[in-house]
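S.K.: Which chain is which? The protein sequence lines are U and G, in order.
Those letters in the first sequence? Residues 6 to 271, per my numbering, in order.
Those letters in the second sequence? Residues 29 to 318, per my numbering, in order.
It cannot be assumed that every hint is accurate.
Part of the chain G face toward chain U, derived, beta carbon under 10 angstroms [as the list claims (entries may be wrong)]: (1) P61; (2) L62; (3) Y148; (4) G227; (5) F258; (6) I267.
In case anyone wonders, no lab produced these hints; they're calculated from the structure.
For each residue, glycine too, the CB sits at the ideal point set by N, CA and C.
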Amino acid sequence: MSALPRPSTIFLAAITTLVAVLLYSPLFVPIVSSFFIISHGNVDWSSPTLSTYVALAGNHDILAALRTTLIVGVCTVVLSVISGTLLALYYHGRRSGRSILQFIVFLPFLMPPIISGLALLIFFREIGLERSLLTVVIGHTVFVLAIVYRTVLMRLQSMSRTLVEASYDLGASGWQTFWRIILPNLSSAMVGGAILAFALSFDETMITILVTGTQSTLPVRLWAMMRLGFSPDINALVALILMFTVLLCVLAARFLIPKQMATERN
Amino acid sequence: MSGAGSTHAAERRLSQLVTVLAFALPVIFVLVPLAIFLVYSFFGVDQGTIVYAPTLGNYVRFFTDPIFLPVFWNTIVLCVSVAVICILLAYPAAYFLTTLKGRWRYALLMLLLVPLLMSYVIKIYAIRSILGLNGFLNKALVALGVLDQPSTLFVFNMNAILLTLSLLLIPFAILPIFLSLERIPQTLLRASDDLGASGLQTFLRITLPLSLPGVASAASFVFVLAIGDFLTPQMVGGISGFTFGRILYSQFGTAYNWPFGAALSVALAIVVIAAILMGERFGRSRGTSV
Numbered sequence: 006m007s008a009l010p011r012p013s014t015i016f017l018a019a020i021t022t023l024v025a026v027l028l029y030s031p032l033f034v035p036i037v038s039s040f041f042i043i044s045h046g047n048v049d050w051s052s053p054t055l056s057t058y059v060a061l062a063g064n065h066d067i068l069a070a071l072r073t074t075l076i077v078g079v080c081t082v083v084l085s086v087i088s089g090t091l092l093a094l095y096y097h098g099r100r101s102g103r104s105i106l107q108f109i110v111f112l113p114f115l116m117p118p119i120i121s122g123l124a125l126l127i128f129f130r131e132i133g134l135e136r137s138l139l140t141v142v143i144g145h146t147v148f149v150l151a152i153v154y155r156t157v158l159m160r161l162q163s164m165s166r167t168l169v170e171a172s173y174d175l176g177a178s179g180w181q182t183f184w185r186i187i188l189p190n191l192s193s194a195m196v197g198g199a200i201l202a203f204a205l206s207f208d209e210t211m212i213t214i215l216v217t218g219t220q221s222t223l224p225v226r227l228w229a230m231m232r233l234g235f236s237p238d239i240n241a242l243v244a245l246i247l248m249f250t251v252l253l254c255v256l257a258a259r260f261l262i263p264k265q266m267a268t269e270r271n
Numbered sequence: 029m030s031g032a033g034s035t036h037a038a039e040r041r042l043s044q045l046v047t048v049l050a051f052a053l054p055v056i057f058v059l060v061p062l063a064i065f066l067v068y069s070f071f072g073v074d075q076g077t078i079v080y081a082p083t084l085g086n087y088v089r090f091f092t093d094p095i096f097l098p099v100f101w102n103t104i105v106l107c108v109s110v111a112v113i114c115i116l117l118a119y120p121a122a123y124f125l126t127t128l129k130g131r132w133r134y135a136l137l138m139l140l141l142v143p144l145l146m147s148y149v150i151k152i153y154a155i156r157s158i159l160g161l162n163g164f165l166n167k168a169l170v171a172l173g174v175l176d177q178p179s180t181l182f183v184f185n186m187n188a189i190l191l192t193l194s195l196l197l198i199p200f201a202i203l204p205i206f207l208s209l210e211r212i213p214q215t216l217l218r219a220s221d222d223l224g225a226s227g228l229q230t231f232l233r234i235t236l237p238l239s240l241p242g243v244a245s246a247a248s249f250v251f252v253l254a255i256g257d258f259l260t261p262q263m264v265g266g267i268s269g270f271t272f273g274r275i276l277y278s279q280f281g282t283a284y285n286w287p288f289g290a291a292l293s294v295a296l297a298i299v300v301i302a303a304i305l306m307g308e309r310f311g312r313s314r315g316t317s318v
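Using the sequences and the hints given, assemble the complete structure.
M.R.: Right under this line is the structure:
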């Protein structure tokens, strides 16, 4: 698309820069404040400090919330990867009922989280399940399931049918074929799906607010604190989380992108 | 032999289990809650307890009470505006990405999508501090001479919600537009160039029409995400920035009227489904297979 003349390219580059600045400015604020002291909107550039990070280490409230978030994240990943893979394996290649079941799986992801969250809230109440971390994990799993399912299904669809046929021809049982052929081929998609699921669970706020009990996850804790204003150590936490998410993002790209690009080229 | 036989039996039992789970999981955890939710919207509330008798009262109240319909309408207008702002910013950025070569293209795309992974609550907080009276935006506008003194125009009102949601949701507009632009065959552009069209003509006659499906998907994504959000309005909207999501959320908190909240959710769901279907309808790329 190099047909456009120069001024328009400059215009496009300018808008892109503006968008990048707009997107990163909200991230920039907490990171800067984690190293410098800000009062009345003025940054004191003269004295960088790590005191916020030290304070964070002593903030048990936040660290407990972080631990809760990690527990919920891991449980969500395990449940969603197992059930997402299971659903993908089952629905793959099946005609009857697939599109309707698939639609149901996608619903919580498509619907606004407030609707999924409220529906689950009423559901838990009707079946007499107390709000707790269990209900949070169920809520997160229902929400991220579609992503894991779709990631695994796409890999299944790009997987050559001949692999499975060859395995059967060579006398392997269905069980052996599954463990030796199908699962190894799906593993990187499952890891990619797991990372995405974890990232979504880690930041899920709206469903969590509705279905959580007394223990709150980090986003919900932050949400509750925000009304009063944050203490500076939160900025340190934000900077750390940002680094962590960028790392996760790079990892996810590693596991997901190469294969997809390869299939696109075929 | 008996070992093989029992393996087969075990396999069969496992596959039966898989079949049951494949149907049960989505039905129990998605369909049943949504169905109960829908049923709830036909219940009533009497002095803080839910009355399990069918009534249309919630819907009648939604349509007749002078509060709800205007807020509902204003929220729709707000979210359409958010979608328009996001697309106006995302389209040039996505277009710029497609003019880049190879690795740079995806690196920059990644760069524009990474902010999505950052904590939503933290971003809202940071944006609020930027928009606030002592915030960066006011400082910049005063320094540039646009404003004489810091203004409260950008925080705790509808403008604040509009700006914050737009800022939060831009990446959701970039991705679908980028994908639709990338799918346009280069041969079409070269053909147009060979036939003597100017860059602008090629853009208006070839690129723009072929990328409209991506724009439609982007609009529906952004709209749906914006209208379902109750955190942003709650945080930056103040007293005057009242949106439908906030009213809905309050039915499950302070107002404590779950059935009415369920009825409001049904109204929200109808708008969302309409938006998704429209995105789906216009989001199908028709021209690229030519």
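S.K.: If a hint holds in the structure, say so; if it does not, say that too.
M.R.: Comparing the hints with the structure gives:
no. : hint : in the structure
1   : P61  : holds (4 angstroms)
2   : L62  : holds (5 angstroms)
3   : Y148 : holds (6 angstroms)
4   : G227 : holds (4 angstroms)
5   : F258 : holds (6 angstroms)
6   : I267 : violated (14 angstroms)
Hint 6 alone, counting from the list given before, is not met by this structure.
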